[in-house]
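Undergrad: Sequence lines, in order, name chains A and B.
For what it's worth, this note's numbering labels the leading residue of the first sequence as 1, then goes sequentially.
For what it's worth, this note's numbering labels the leading residue of the second sequence as 1001, then goes sequentially.
Read the hints as simulated data drawn from the structure, not as lab findings.
This one's a predicted model, so the numbers in the text were calculated from it and none came from an experiment.
One or more of the hints may lead you astray.
To be verified - Quick list of in silico lysine-lysine cross-link-like pairs, DSS-like style, CA-CA up to 30 Å:
1. B:LYS1160 to A:LYS285
2. A:LYS358 to B:LYS1214
3. B:LYS1173 to B:LYS1214
4. A:LYS200 to A:LYS314
5. B:LYS1173 to A:LYS334
6. A:LYS338 to A:LYS388
7. A:LYS276 to A:LYS338
8. A:LYS388 to B:LYS1241
9. B:LYS1080 to A:LYS43
Claimed, not checked - Heads up, incomplete: computed chain A residues facing chain B, CB under 10 Å, no partners named:
10. GLY181
11. ASN183
12. LEU184
13. SER406
Think of the CB as a built atom: it goes at the ideal place given N, C-alpha and C, for glycine as much as any other residue.
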Amino acid sequence: MANSEQLIKMKVLKIATAGSVDDGKSTLIGRILYDTKSLTDDKLEAIEEKSRQRGFDYLDFSLATDGLVAEREQGITIDVAHIYFSTPSKSFIIADTPGHIEYTRNMVTGASTAQASIVLIDARNGVIEQTYRHFFINNLLRIKDVVIAVNKMDLVDFSEEKFNAIKKEIEFIASKSGYRGQNLTFIPMSALQGDNVVHKSENTPWYKGETLMHHLEKLEPEDISEISQARFPVQTVIRPKTEQYHDFRGYAGKIYGGDLSVGDEVAVLPSQTKSKIKTINFFDKEFETAKRGSSVTITLEDNVNVSRGDMLVKVNEEPTIAKQLDATICWMDKEPLKASQKYYIKHGVNDAQAKITKLSSIINTDFSGIEENPSELVLNQIGDIQLKLSKPLLVDSYSDNKSNGSFILIDSKTNSTVGVGFIK
Amino acid sequence: MSNKTIQVDALESEAIYIFREVVAQFEKPVLLFSGGKDSITLVRLAQKAFYPAKIPFPLMHIDTGHNFPETIEFRDRLAKELGVELIVRNVQDNIDSGRVKEETGRYASRNMLQTETLLDAIEEFGFDACIGGARRDEEKARAKERIFSVRDDFGQWDEKNQRPEVFDMLNGKIDLGQNVRVFPISNWTELDVWSYIEQEDIEIPSIYFAHKRKVFVRDGMIWSADDEVVFRDKEEEVLEKMVRFRTVGDMSCTAAVLSDAVDIAKVVEEIRDSSISERGARIDDKRSEAAMEKRKQQGYF
């Protein structure tokens, strides 16, 4: 029952930002919050007071986002912080991450659920190593909309030449990337002074494009999994065992990639049993069709054996049933990854054991190529691996379906999440 | 019932997904229920996640003994309607036995004392997952909280060593003695919660709506003068005002706001136009900038 109100609420756009304090990233976020009137009086007062205490003659907006004590002490952002604000037409969630190389894993984490990303560049310094890395991660994660925010334009006299030089360099990097679906938008701005963030700047008459917020407001929020084939991984089986619902056997899960409808012929994987969708339930109502991104409960015509980790898909749209995987992995743990090590693998809601059979390469995040046959992959490095699985998993390539094409590795000794993989 | 298409709202779909992961990944989950709007919203989402089955875990309330009576009445009625087990553990018991010492003075509050009672209850029942209604937009330290947040035996949060959460995969693997705090509405804002309550027509305790109450003003904040719980100096004058509460925590640290919002539509409107953040009316956060982070390290929810 998608009433209009629900449709309005649906419009949540997730954005990732990466950059160091020096780029003015926290200042930019603070500026967005301030200019969209998202900072409440008490928060603003706290920022004003802290800025005064520190002897600044401007408002230090970074104080609004750097939430942990250690971060305030060191003046850097060390984790992913989530920032929420809305404009009349849309809600926004910013996953704010640090840009230093030692925080690559945080960038990947923050970007994993984002549809759009903002790459900040200090107009004085132009494209630096960090810019390459942000770009690399955006490509690896296949982020569709990337805004290149050329910041601190006030410090280069709002020079069009400077801006164009940076634009040219970025376009050259983009041409080297394997991901072609990206929309690049370049915006000259000064976060500190507010130029082209929310309000159009008078200092850049040569810039005919939109302000950052205007651009973001125009993006259509959508489920991050690319439109492809429907995948319904079963999270849990619902059996009420009450008199009224004596025979009810519902499969609870979230639909990824495509829509499902009553009457669809489905295969239950991995058993490959065929059946038809009998009902699609959401709370106390039944529906004909459920759109991707919806958490629903599905019942089948036949009494087939389905349990957690199984997947319902449309007949003739089966994913790969894989006992080994080729993947790109971002390593997130202090203990390095080495060939022949074993981990738990979590793929969606499914678990298995995995053995690293090959560590093929380390991929340089500055687009300078790869290092072949390394002995290990350390924290924040990205590389290509091969995995052998203890049981078959039902996978797609990451480029076909983000949710069904990604996995995490878990260290069985520490239970930590140690890596995130993208299936080839 | 034909020709109907559903697109579940992104935030609602995410919360339902999280509830189902909790039940699939843990042996003994519990929903921490305060009677506040966030935990009431959690209850509705849990209902939706498992319908037509009942909510497959109990509700637990850590009662400071300083709750608004309206909240307690509401809590008991809701649990009964749902047919779900309600566990109540009282901070007072720990005070009586001398395990914790009550704060004294102007800003005395039992809010901090809840932690000990909560940890005791987790141990008593062997809960391995405690579901709570915290949201990342409430406070800066909460903005970095994970959806599955691992706590050690002492309930401590190791904020620098959090597991990365990528895509929607939730890693609930823990060792014996550890437990996980789960926050299904992490990504909701205060306005999202209120809009949801309006859209779903969910009943909430009456103190959320504007009503006449005896209050007094201190440090620019409005406190309930109706009861003994909030310490009031003799010179602090009692007035009668139209007020409502934006949160329904411990009465001793929850201030009221002046309001004419007598129904849910007016509350949503008020929140939309509001210029004071929700926790701005919580004195416990004002103790220091790092107040929340410190409490969380000690096992606070």
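Undergrad: Would you mind marking each hint as holding or not holding in the structure?
TA: Outcome of the hint check:
1. Restraint check for LYS1160 of chain B and LYS285 of chain A: the C-alpha separation of about 43 Å exceeds 30 Å, so the hint is violated.
2. The hinted pair formed by LYS358 of chain A and LYS1214 of chain B fails the criterion: a straight-line CA distance of about 72 Å is larger than 30 Å.
3. Restraint check: the Cα-Cα separation between LYS1173 of chain B and LYS1214 of chain B comes to about 50 Å, which exceeds 30 Å; the hinted pair is violated.
4. Annotation: proposed proximity of LYS200 of chain A to LYS314 of chain A is violated, straight-line Cα distance about 49 Å (limit 30 Å).
5. Simply put, LYS1173 of chain B and LYS334 of chain A have alpha-carbon atoms about 19 Å apart, close enough for the 30 Å limit, and the pair holds.
6. Restraint check for LYS338 of chain A and LYS388 of chain A: satisfied, since their Cα atoms lie roughly 14 Å apart, inside the 30 Å limit.
7. About 44 Å separates the Cα atoms of LYS276 of chain A and LYS338 of chain A, which puts this hinted pair outside 30 Å; it is violated.
8. Between LYS388 of chain A and LYS1241 of chain B the CA atoms are separated by roughly 69 Å; this puts the pair beyond 30 Å, and the hint is violated.
9. Between LYS1080 of chain B and LYS43 of chain A the alpha-carbon distance is near 40 Å, which puts this suggested pair outside the 30 Å criterion.
10. Hint status for GLY181 of chain A: violated, given a least beta-carbon distance of 18 Å to chain B, over 10 Å.
11. Taking 10 Å as the C-beta cut-off, the interface hint given for ASN183 of chain A is violated, the closest approach to chain B being about 21 Å.
12. A least Cβ separation of about 24 Å between LEU184 of chain A and chain B goes past the 10 Å threshold, and the interface hint is therefore violated.
13. Evaluation of the SER406 of chain A hint against chain B yields a held restraint, the C-beta minimum of about 5 Å falling below 10 Å.
Consistency note: the structure conflicts with the earlier hints numbered 1, 2, 3, 4, 7, 8, 9, 10, 11 and 12.
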